[in-house]
Every structure is written in C-alpha cells, then in structure tokens.
Amino acid sequence: MMPFTYERAQSPAAAAAAAARSPSAKFIAGGTNLLDLMKLRIERPGHLIDVNGLALDRIEPTAEGGLRIGALVRNTDLAADARVRRDYAVLARALLAGASGQLRNKATTAGNLLQRTRCPYFYDTDQPCNKREPGSGCGALAGYSRQLAVVGGSEACIATHPSDMAVGMRALDAVVETVRPDGATSEIPIEGFHRLPGETPQIETALQPGELITAVTLPPPVGGTHVYRKVRDRASYAFALVSVAAVIQRDGSGAVALGGVAPKPWRRAEADAALPQGAQASAAALMQGARPTEDNAFKLKLVERTLGAVLAEARS
Amino acid sequence: MRFDTPATTNPIDRLRIIGQPVDRIDGPLKVRGAAPYAYEQHEAVPNQAYGWVVGAGIAKGRITRMDLDAAHAAPGVIAILTTENAGPLDKGKRNAAPLLGGPEITHYHQAIALVIAESFEQARDAAQRVQVAYAVEEGAFDLAEAKAEGVGPSKDSPDSKIGDFAKAFAEAPVQLDATYTTPDQTHAMMEPHASLAAWDGESLEVWTSNQMVAWAHQDLAKTLRLKKEQVRIRSPYVGGGFGAKLFLRADILLAALGARLAGRPVKVALQRPLIANNTTHRAATIQRIRLGAGRDGRLTAIAHESWSGNVEGGEEENAIQQTRLLYAGANRLTGTRLAHLDLAEGNAMRAPGEAPGLLALEVAMDEMAEKLGIDPVEFRILNDTQEDPEKPDRPFSQRQLIECLRQGAAGFGWDQRSAQPGTRREGRWLVGLGMAVGFRNNLVDKSGARVRLDGEGIVTVETDMTDIGTGSYTIIAQTAAEMMGVALDRVVVRLGDSSFPASAGSGGQWGANTSTAGVYAACVKLREQVAQALGLNASDADFADGMVRSGERSIPLADAARDGALTAEDTIEFGDLQKRFQQSTFAGHFVEVAVDAATAEVRVRRMLAVCAAGRILNPKSARSQVIGAMTMGLGAALMEELAVDTRQGFFVNHDLAGYEVPVHADVPRQEVIFLDEVDPTSSPMKAKGVGELGLCGVGAAVANAIHNATGIRVRDYPITLDKLLDRLPG
Numbered sequence: 001m002m003p004f005t006y007e008r009a010q011s012p013a014a015a016a017a018a019a020a021r022s023p024s025a026k027f028i029a030g031g032t033n034l035l036d037l038m039k040l041r042i043e044r045p046g047h048l049i050d051v052n053g054l055a056l057d058r059i060e061p062t063a064e065g066g067l068r069i070g071a072l073v074r075n076t077d078l079a080a081d082a083r084v085r086r087d088y089a090v091l092a093r094a095l096l097a098g099a100s101g102q103l104r105n106k107a108t109t110a111g112n113l114l115q116r117t118r119c120p121y122f123y124d125t126d127q128p129c130n131k132r133e134p135g136s137g138c139g140a141l142a143g144y145s146r147q148l149a150v151v152g153g154s155e156a157c158i159a160t161h162p163s164d165m166a167v168g169m170r171a172l173d174a175v176v177e178t179v180r181p182d183g184a185t186s187e188i189p190i191e192g193f194h195r196l197p198g199e200t201p202q203i204e205t206a207l208q209p210g211e212l213i214t215a216v217t218l219p220p221p222v223g224g225t226h227v228y229r230k231v232r233d234r235a236s237y238a239f240a241l242v243s244v245a246a247v248i249q250r251d252g253s254g255a256v257a258l259g260g261v262a263p264k265p266w267r268r269a270e271a272d273a274a275l276p277q278g279a280q281a282s283a284a285a286l287m288q289g290a291r292p293t294e295d296n297a298f299k300l301k302l303v304e305r306t307l308g309a310v311l312a313e314a315r316s
Numbered sequence: 001m002r003f004d005t006p007a008t009t010n011p012i013d014r015l016r017i018i019g020q021p022v023d024r025i026d027g028p029l030k031v032r033g034a035a036p037y038a039y040e041q042h043e044a045v046p047n048q049a050y051g052w053v054v055g056a057g058i059a060k061g062r063i064t065r066m067d068l069d070a071a072h073a074a075p076g077v078i079a080i081l082t083t084e085n086a087g088p089l090d091k092g093k094r095n096a097a098p099l100l101g102g103p104e105i106t107h108y109h110q111a112i113a114l115v116i117a118e119s120f121e122q123a124r125d126a127a128q129r130v131q132v133a134y135a136v137e138e139g140a141f142d143l144a145e146a147k148a149e150g151v152g153p154s155k156d157s158p159d160s161k162i163g164d165f166a167k168a169f170a171e172a173p174v175q176l177d178a179t180y181t182t183p184d185q186t187h188a189m190m191e192p193h194a195s196l197a198a199w200d201g202e203s204l205e206v207w208t209s210n211q212m213v214a215w216a217h218q219d220l221a222k223t224l225r226l227k228k229e230q231v232r233i234r235s236p237y238v239g240g241g242f243g244a245k246l247f248l249r250a251d252i253l254l255a256a257l258g259a260r261l262a263g264r265p266v267k268v269a270l271q272r273p274l275i276a277n278n279t280t281h282r283a284a285t286i287q288r289i290r291l292g293a294g295r296d297g298r299l300t301a302i303a304h305e306s307w308s309g310n311v312e313g314g315e316e317e318n319a320i321q322q323t324r325l326l327y328a329g330a331n332r333l334t335g336t337r338l339a340h341l342d343l344a345e346g347n348a349m350r351a352p353g354e355a356p357g358l359l360a361l362e363v364a365m366d367e368m369a370e371k372l373g374i375d376p377v378e379f380r381i382l383n384d385t386q387e388d389p390e391k392p393d394r395p396f397s398q399r400q401l402i403e404c405l406r407q408g409a410a411g412f413g414w415d416q417r418s419a420q421p422g423t424r425r426e427g428r429w430l431v432g433l434g435m436a437v438g439f440r441n442n443l444v445d446k447s448g449a450r451v452r453l454d455g456e457g458i459v460t461v462e463t464d465m466t467d468i469g470t471g472s473y474t475i476i477a478q479t480a481a482e483m484m485g486v487a488l489d490r491v492v493v494r495l496g497d498s499s500f501p502a503s504a505g506s507g508g509q510w511g512a513n514t515s516t517a518g519v520y521a522a523c524v525k526l527r528e529q530v531a532q533a534l535g536l537n538a539s540d541a542d543f544a545d546g547m548v549r550s551g552e553r554s555i556p557l558a559d560a561a562r563d564g565a566l567t568a569e570d571t572i573e574f575g576d577l578q579k580r581f582q583q584s585t586f587a588g589h590f591v592e593v594a595v596d597a598a599t600a601e602v603r604v605r606r607m608l609a610v611c612a613a614g615r616i617l618n619p620k621s622a623r624s625q626v627i628g629a630m631t632m633g634l635g636a637a638l639m640e641e642l643a644v645d646t647r648q649g650f651f652v653n654h655d656l657a658g659y660e661v662p663v664h665a666d667v668p669r670q671e672v673i674f675l676d677e678v679d680p681t682s683s684p685m686k687a688k689g690v691g692e693l694g695l696c697g698v699g700a701a702v703a704n705a706i707h708n709a710t711g712i713r714v715r716d717y718p719i720t721l722d723k724l725l726d727r728l729p730g
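Protein chains in written order, with UniProt numbering: chain A, 1 to 316; chain B, 1 to 730.
In case anyone wonders, no lab produced these hints; they're calculated from the structure. Please read all numbers here as calculations on a predicted model, not as lab measurements. All residues carry an ideal CB built from backbone N, CA and C; glycine is no exception. Take these hints with a grain of salt, some might be off.
[To be verified] Straight line, CA to CA, 20 Å or less: simulated EDC-like cross-link-like pairs of lysine to aspartate or glutamate: (1) A:Lys39 with B:Glu118; (2) B:Lys579 with B:Asp388; (3) B:Lys222 with B:Asp200; (4) B:Lys525 with B:Asp454; (5) A:Lys301 with B:Asp726; (6) A:Lys301 with B:Asp722.
[As the list claims (entries may be wrong)] A partial selection of chain B residues facing chain A, derived with a Cβ cut-off under 10 Å: (7) Tyr108; (8) Arg124; (9) Asp156; (10) Ala600; (11) Asp655; (12) Gly658; (13) Pro662; (14) His664; (15) Ala665; (16) Asp726.
Construct the entire structure; sequences and hints are all you get.
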C-alpha cells in the first residue's frame with residue numbers, strides 16, 4: 001500500500017473542495033471495495049477524505065413525494081427501510097441480493113454506485129487491463145469472459161458494473177445528487193451517471209474531479225409489481241450472470257433494467273415500450289447491438305428467459 | 001508391530017470409547033481461538049519478520065531483468081530473496097516444478113522472490129515495487145489441443161487389458177461410447193499455506209500447515225541440502241488441506257530461505273490470489289468411456305481412457321483406477337494418457353483420480369442403464385462383483401455395495417423417481433432424482449506413535465500425525481483411552497511434530513485407520529510394560545476404568561508409573577493383506593435436484609449417503625467428513641472450475657470471489673448412514689476411511705438427477721446453467 005494522507009471532511013462542500021485540491025484524492029465511506037483495491041495497488045490514492053461524519057445517512061421524503069436517500073445510508077438500512085420496502089420493493093430486493101450481510105452493513109449508497117468491476121483481469125496486476133492501466137490492452141476480450149459484458153462494451157473493455165442496487169435504482173429512475181468543489185449542487189439522472197467504456201474505460205461516471213455524491217433521490221412511487229431476479233452460479237454471495245429489475249403495471253407496461261450484462265445498469269426505452277408484447281420483444285430490444293464473446297453468449301438467452309420468468313411472476 | 005494376518009478380537013472391540021460419537025477434544029481450543037495456526041505462532045520465537053511472495057507474471061519463459069532497487073528502498077524492508085541469493089538448492093522428491101523460480105519460469109505465479117520486511121504491510125508494499133521484465137516463450141496450456149495432437153500411454157503406466165475388449169464391445173448388443181470432461185480444480189481450503197521459519201546456527205525450525213510432516217521434513221532437508229536431524233517441523237493445527245498441503249510448498253521453503261537471508265525468523269502465508277497458480281491443483285481430464293452389455297444388463301466390455309496434463313515431472317490424474325475394480329465384466333481396457341502442459345503442477349486433491357473418474361463412470365453407468373431400460377440401482381447391483389475383476393482370485397475383504405444401494409434407495413424414496421426424465425414439475429421447478437456409487441480404496445502405510453503413562457495416570461500420545469480438521473486428535477485419544485482403559489480426559493494427544501514418531505500422515509483417507517493402528521501398536525507395548533511393572537500377566541490383564549485387573553487382583557493403572565513414567569513406542573507395519581484382499585470403501589449416493597425451467601439454475605434439495613467403510617471410529621467426526629465431502633461433490637458438479645486462459649497460460653479466477661464453491665444457501669438437508677462393518681484385514685482397528693469416500697460419486701449423482709429432472713445429459717463439468725439453457729422448456 002502506498003503512503004497516503006487522511007482527513008475527516010467537515011462538510012460535503014469542504015470534502016469536494018479538498019478532493020479538488022488533491023488530484024489523487026479518493027473519498028472513503030464503507031471502504032468495502034476501495035481498501036481491497038488499495039491493498040492490491042490497483043487504487044493508489046495519495047489522500048483519503050473520510051466522508052463518514054457528514055450526516056448524509058438519513059432517508060427523507062422529498063417535496064415531490066419521493067424519497068431522498070443520503071449518500072451514507074448503509075445498504076442494510078436502506079433495504080430494511082419500511083418506505084423502501086413498501087414503495088420501492090425492487091430496490092430493497094436488489095440490495096438484499098447483493099454481497100453478504102456483513103458487507104451490506106458497511107457498504108453505503110454512494111459507494112455502491114461507485115464500486116468497480118470484478119473483472120478478474122482488472123484484479124490481476126500481471127495482466128493487461130485498460131481500465132486499470134489505460135493503454136495496456138484488454139486481457140478479457142479474448143480471454144476468460146464468462147462473467148463479462150455482452151452489450152455496451154467496447155474493444156477496450158467489456159467489464160460489467162457489479163452492483164445490484166444500481167440496477168434497482170435504474171428501473172426506478174433515480175437521480176444522483178452531488179456537490180461540486182465550488183459548492184454548487186448538481187443532479188445527474190442515473191441513466192447518465194455511469195458511462196460506457198468507449199476508448200476510456202478508466203472513466204466510469206459523469207462525476208467531475210472532486211464532485212461528491214450527497215444523495216440519491218427516488219421519484220414518487222409508481223406502484224406496480226416490483227421484482228428483482230438475480231441469476232448466478234450459486235445460490236448466494238456471487239455476482240450476477242444476469243439480473244433483472246422490473247416494475248410492472250397492471251396493464252403490462254413498466255420499466256425493466258438489467259445487471260450483469262453491461263458496463264452499467266442496462267435499460268432501454270424501446271425495451272420498456274415492448275414489455276406489453278412480452279419478454280422476447282423486450283429482451284430483443286435490451287440486447288440490440290449485443291456483441292457477446294463465445295464465453296458469455298449464453299447471457300442473451302438467459303436475459304430473455306429471466307425476463308420471461310420475471311414477467312410471469314409479476315403477472316401471477 | 002507387524003500386521004500380516006487378519007485381526008482377531010482385541011481391546012478395541014470393547015467399543016467403550018472407540019465408536020462413540022464423542023466431541024472433538026480440540027474443539028474448545030479452536031472455538032476460543034486458542035489453537036495457534038502456523039501464521040499465529042506469535043509466541044514460538046521472538047522478532048518475527050514478514051515475507052510476501054512475488055509470483056511470476058508469465059507462464060513460461062525467462063526473467064530478463066529484475067529491478068529490486070525500489071523495493072529495497074521501501075520502508076521496513078530487511079531483505080529480498082531470489083535465486084540470486086538463495087544459495088544452492090536441490091529439489092524435493094515430491095516437487096515437479098522448482099518452488100523458487102528464476103531466471104527460468106515454468107508456470108504462472110511461480111515464486112520468484114520473497115520480500116521480507118518488519119511488517120506485513122511493508123512487505124506487501126515493497127513487493128509491489130519489484131519490477132520484472134520477461135522473455136515470454138510459447139507454452140502448451142490447452143488439454144483438448146494436446147489430446148488432439150495425440151498422446152499415448154506412458155511407459156510408467158501402460159494400459160491394462162483383460163480379455164478382448166474390442167471384440168466384446170463390437171459384439172455387444174447395447175453400447176455406450178461417450179466422452180466426459182472435468183475441469184481443473186483448486187483445493188480452496190480456508191487456511192492458506194503458511195509457515196514460520198527460524199534458524200539456530202545450522203538448525204532450522206519450521207511451524208507450518210502441512211498434512212504430511214514426514215514428507216515435508218524429508219523434502220525440506222533435501223532441498224536445503226541439510227541432514228534431517230538439522231530440521232524440525234511442527235504442524236499442530238491445519239485449517240484444511242484437501243491435498244494442497246501434502247507436500248513441501250513455497251511457503252515453507254521461502255520462509256526457511258528468507259529467515260536464513262534475513263538472519264531472523266520469517267513467516268510467510270501464500271497470498272490467496274497466488275494459491276491457484278502457485279501451488280498444486282486437481283488437473284482437468286478428458287475421459288472416454290465405452291461400455292458394452294447384453295440385453296440382460298450384464299456388462300461384457302468396459303473401457304475407460306483418461307487424458308490429463310502436467311508439468312515436467314508431474315504425474316497423470318489417474319481417473320481410471322476405480323473402473324478397474326468397480327464392476328464385473330470379462331473384457332476390459334483402461335489407461336491414462338499424460339500430456340505436457342505449462343500450467344501449474346497438477347497433483348492430489350481429495351480423492352485424486354476417483355473424484356473425476358467417478359464423475360464420468362457413474363454418469364456413463366446411468367446412461368447405460370437408460371439404454372438398457374433398467375433402473376440405475378438395479379443395473380449396478382446386477383454388475384456387482386465380490387472379487388477384483390482383473391484378478392478373480394483376489395476377493396474384496398468387505399463389499400457391501402449392494403446393501404448401501406438397497407438401503408439408500410429405500411431410505412431416499414427412490415421408488416418415487418420417474419423413469420421418464422423431465423416429467424416431474426413443481427411450479428417453476430423441474431425435479432429429478434439421481435444416484436451414483438461412491439467407491440474409494442483403503443490404503444495403508446506404516447505409522448508410528450509413542451505413548452507415555454505417568455504417575456498421575458495420564459496417558460500422553462505423541463505422533464507426527466496431523467489433524468487437518470478431520471478429528472485426528474479425537475480418534476487418537478479414543479484409541480489410547482480404549483487401549484489403556486482410561487477416560488478420554490485422561491489422555492493428552494500431541495500431534496504434528498517431526499520429533500515425534502513418523503505416522504502415515506493425513507492423506508488418501510488412510511490417516512484415521514493407520515494412525516490409530518500405530519497408537520494401538522504403541523499401546524500394546526505400553527500394556528506389556530504396565531503388566532510387568534504391576535507383576536501381572538499381560539495376556540490376561542484387563543484395562544478398564546483406570547484399573548488393571550488380572551485374576552483376583554485389581555490395581556490402579558497409575559501405580560505402574562509410580563517409580564517413573566513408562567514410555568512405549570511402536571510402528572504398525574502392514575504385510576501383504578492389501579495384496580491378498582482388495583480393501584475398499586463403498587457408498588450409495590442419492591440426490592434430489594430442482595432445475596428452474598426458465599433460467600436453468602440448479603438447486604440440490606436433499607442428499608443421502610449410505611456408507612460401508614469398516615469400523616467407524618467416531619460417528620460424529622466421520623459424519624462431518626462425509627457431509628463436507630458431499631458439499632464438495634455438489635460444488636464439483638455445479639460450479640467449481642479453474643478457468644484456463646489458454647493464451648496467457650494461467651488460471652484466471654484465482655481467488656475465492658472468482659472460484660466459486662458452495663455457500664450455505666447451496667447446501668440442502670444431508671443425511672449420512674454408516675452400515676455396520678468391521679474389516680479385520682485392514683488393521684487391528686478394523687477401520688477404513690471415509691474422508692474421500694464421501695466425495696466419490698456425489699457429483700455424478702447430481703448430474704444424473706439433473707438428467708432425470710430435465711432429460712438433458714451434460715458430460716462436461718461443472719454443469720452450469722449455460723449448458724442446460726438452450727434445451728429447457730422455459
């Protein structure tokens with residue numbers, strides 16, 4: 001581990017300002033991902049800004065009738081919140097499908113959004129990885145890619161975003177609230193929060209240097225049936241091969257987002273629009289333009305099957 | 001003590017303590033965290049420094065330049081070990097690739113340096129600053145490719161041919177010719193390989209985590225060119241091994257070399273991401289099985305050929321050995337083919353050979369039963385044999401396979417199984433039942449122990465036997481307590497020290513039977529000394545309840561040591577009973593699975609194993625062994641696979657996030673039944689082993705249950721959902 005300096009931020013704006021002053025700074029909250037990566041020298045922050053004391057750990061109603069989730073709300077607490085369970089059940093279920101109880105106790109809302117891929121080539125520092133070392137190449141593309149992206153990837157990177165929570169939020173049209181180093185606040189719809197890799201897979205979000213997530217807001221409840229279905233190689237404690245977050249209304253309309261298939265939580269308006277026509281049509285829209293590898297081509301079929309099962313469950 | 005005639009009645013047969021489901025005597029220590037594992041030997045020696053292993057970043061080639069300057073300059077660094085300063089090294093008898101590589105690299109993550117620092121974090125930090133440049137060479141990493149290029153039987157292991165297989169197979173009215181594959185697997189034990197080494201002049205002491213103290217002792221001394229007397233190895237607690245810790249590995253050697261270089265004790269734990277490629281693994285296999293049978297269901301032709309790969313000096317994965325013995329059939333052909341691969345060394349993992357071999361054979365048997373239209377249980381019973389099919393004058397010492405199958409079928413509700421696959425549906429789930437035979441041989445090797453009786457009546461047992469989580473401490477204590485007629489709490493067991501008599505060690509499921517037989521032998525001697533000291537006749541003395549009785553006389557055992565402790569040492573040595581009798585253990589494995597009709601996720605719902613394995617020394621620890629092994633079999637069937645990157649030549653998913661083994665949510669209700677059995681040909685204990693039996697065949701039972709549930713036959717393990725998805729109804 002490289003030496004680093006450490007400070008406890010006094011306010012969100014001060015934290016953002018401090019981060020802007022130090023180009024190699026990182027915010028730390030739960031640390032469930034960052035510390036692992038620091039031990040492997042994949043993350044090498046020269047300065048850590050501890051945001052745990054910033055009182056961003058509340059869940060409050062918004063004026064519009066939605067819910068504002070503080071950036072530091074722990075995954076366990078968010079999943080257990082009665083309002084979330086009642087009005088945004090897809091989010092509660094997505095959270096509980098992720099990680100383990102111990103990790104969820106530490107992991108935060110903002111940290112979950114910002115966690116990095118679990119691509120094995122990203123983790124093995126003897127292997128090329130454009131995300132870890134830009135320009136070094138991608139070991140996964142022609143290597144072992146069973147877990148990796150089938151859609152939204154590029155020649156530079158086919159890593160997936162590992163979060164379950166973010167997939168639930170994507171289906172709910174969440175908005176990420178931030179504060180910038182100059183103290184200005186900003187709202188980033190989750191749709192545009194995570195970036196596709198293109199030629200710069202090391203840039204993963206729309207956040208500007210120093211910008212700090214303060215909250216995630218959910219719009220007013222839309223009702224419907226909420227389903228989160230995560231398919232993986234063992235029954236628990238594994239990343240998704242495919243996951244489906246769906247909010248389905250009585251008339252068959254709704255919203256669907258996928259995890260495990262793309263560099264970001266994956267949703268397409270055409271797929272939502274096709275939901276009344278059934279899983280095949282909606283899955284086809286979601287997988288439009290997919291470029292799977294030999295290892296992970298099965299995910300296309302699995303998306304369709306899982307979505308079919310989810311729609312059947314929602315209807316029953 | 002020489003054991004060359006079947007055992008007659010002896011004090012073990014009293015079964016006052018042996019055969020009882022007593023708790024582990026080391027349990028409280030472990031639960032309290034008071035049993036120091038190798039990396040936690042903080043009190044053993046002062047001034048311990050920390051080593052961090054640098055693994056090669058290529059699979060094959062040469063180091064052209066290693067820049068250590070930045071690492072040397074890093075805070076806390078004491079020394080950096082490489083082949084440049086390691087001094088001359090030999091290679092252990094049981095090692096294929098060198099444990100310290102450089103400049104030549106023979107596999108990925110081969111150790112090329114050990115960075116030693118004042119703290120763990122400093123060692124890691126400095127190690128990450130080591131810069132290495134390589135000249136990469138082409139390597140062979142793909143078993144299927146190597147097979148396609150043609151590999152024949154090796155001179156060391158020629159094919160076994162009985163009768164005329166080709167003719168019998170050609171003439172058989174019902175035939176099966178199928179190819180199965182099993183992947184590379186890693187042991188994934190909880191405790192990594194870890195060692196602490198300290199030198200005192202020319203003498204070396206090592207605290208480690210190793211299953212076979214005598215082997216590690218011998219190979220460490222050889223590698224360092226020391227006399228065995230200069231080396232002492234202790235391995236009192238082992239946090240799982242499964243074969244990964246049978247041998248001298250890099251942790252021990254680098255700790256020893258590092259400590260010599262640093263001039264102070266050094267400890268090393270192999271980093272988890274290093275273990276899969278740095279150490280040994282279970283090698284992948286490609287297996288072709290051909291079965292021919294008459295319409296009556298009797299096998300007339302059996303062929304099993306298996307391909308595996310290994311580094312120079314490595315051996316084949318012997319997946320065919322159980323096929324030579326399991327079923328009757330007059331015409332037989334079995335053989336292994338070994339290809340050269342530049343992956344890490346393949347070597348023993350729990351039930352080596354049997355585990356992958358039965359994954360194939362027992363699915364082939366299921367397929368054959370289906371072709372014949374015979375129930376899979378009945379098909380196996382029909383082809384049972386009570387003698388070695390290759391040597392008909394050599395009987396099995398005990399073979400209760402039919403009883404295992406009958407009792408298992410009855411207990412599991414096998415009659416509920418639909419013979420027509422894919423016909424039982426419960427909501428989203430397709431449900432099926434499967435079974436397979438578990439079959440593992442009983443191996444024996446000489447095993448020694450020392451037993452001491454003191455004036456307080458305490459019996460202390462010392463042997464270099466290890467307890468790798470299996471329960472050795474407990475069954476050894478039970479043996480000594482039974483033999484000396486004392487309560488369990490009057491026995492002290494000290495294990496895993498090369499200064500103790502050499503045992504057979506923990507491996508091949510021989511540990512329980514052989515190590516307790518060694519203790520038995522030492523106790524027989526001690527009983528003679530006690531009788532002599534008390535003026536009694538050893539042959540009719542009865543040792544019970546802390547007393548020794550002979551005729552009218554009854555004397556406290558402790559009195560025998562009133563004038564000083566009595567010590568006896570002996571080694572059990574085995575004659576030719578293994579040759580005269582085929583000694584084996586058997587199981588009937590029964591499994592119910594449910595397969596999601598849409599997503600193909602497989603969930604095992606219940607498992608039953610009925611085992612016949614000689615005398616069960618402790619039903620509680622034996623059951624733990626079997627349910628753990630059944631869990632491992634579930635993993636082998638459904639998820640375990642080291643993914644090979646065939647361009648770069650390494651196992652990619654080399655940590656516990658990427659290499660999936662079952663979690664609690666995967667493990668269903670498990671039941672284990674042990675049949676009453678004693679095997680007097682095995683040892684005076686009349687026991688065999690269960691630690692590997694529990695794994696043998698389980699995965700095939702899962703595979704067969706998946707077929708029964710879905711009608712889909714998958715012949716490539718693990719049976720992940722992508723192999724089922726296309727063929728499911730949805």
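Taking the hints in turn, this is what the structure says about them:
Between Lys39 (chain A) and Glu118 (chain B), the direct Cα distance comes to roughly 17 Å. Compliance with the 20 Å bound is thereby established for this hinted pair. Note on Lys579 (chain B) and Asp388 (chain B): the hinted pairing holds, with a Cα-Cα distance of about 11 Å set against a maximum of 20 Å. The straight-line distance between the Cα atoms of Lys222 (chain B) and Asp200 (chain B) is roughly 18 Å, inside the 20 Å bound, and the hint therefore holds. With a C-alpha separation of about 15 Å, the suggested pairing of Lys525 (chain B) with Asp454 (chain B) holds against the 20 Å cut-off.
For the proposed pair Lys301 (chain A) and Asp726 (chain B), the alpha carbon gap of about 8 Å is at most 20 Å, so the pair holds. Between Lys301 (chain A) and Asp722 (chain B), the direct Cα distance comes to roughly 9 Å. Compliance with the 20 Å bound is thereby established for this hinted pair. Contact between Tyr108 (chain B) and chain A, as hinted, is supported at the beta carbon level, the nearest pair being about 8 Å apart and thus within 10 Å. The criterion of a C-beta within 10 Å of any C-beta in chain A is met by Arg124 (chain B), whose closest approach is roughly 7 Å, and the hint holds.
Proximity of Asp156 (chain B) to chain A is violated relative to the hint, the smallest CB-CB distance being about 33 Å (cut-off 10 Å). Checking Ala600 (chain B) against chain A: minimum C-beta separation of about 8 Å stays under 10 Å; hint holds. Here the hint on Asp655 (chain B) is kept, as its CB sits about 7 Å from the closest CB of chain A, short of 10 Å. Because the beta carbon of Gly658 (chain B) sits about 5 Å from the nearest beta carbon in chain A, less than 10 Å, this interface hint is met.
The beta carbon of Pro662 (chain B) comes within 6 Å of a beta carbon in chain A, closer than 10 Å, and the hint placing it at the interface holds. Given hint, His664 (chain B) at the interface with chain A, holds; its Cβ is 7 Å from that chain's nearest Cβ, closer than 10 Å. With its C-beta approaching chain A no nearer than about 4 Å, Ala665 (chain B) sits inside the 10 Å limit, and its interface hint holds. The closest approach between the C-beta of Asp726 (chain B) and any C-beta of chain A is roughly 7 Å, which is under the 10 Å cut-off, so the hint is satisfied.
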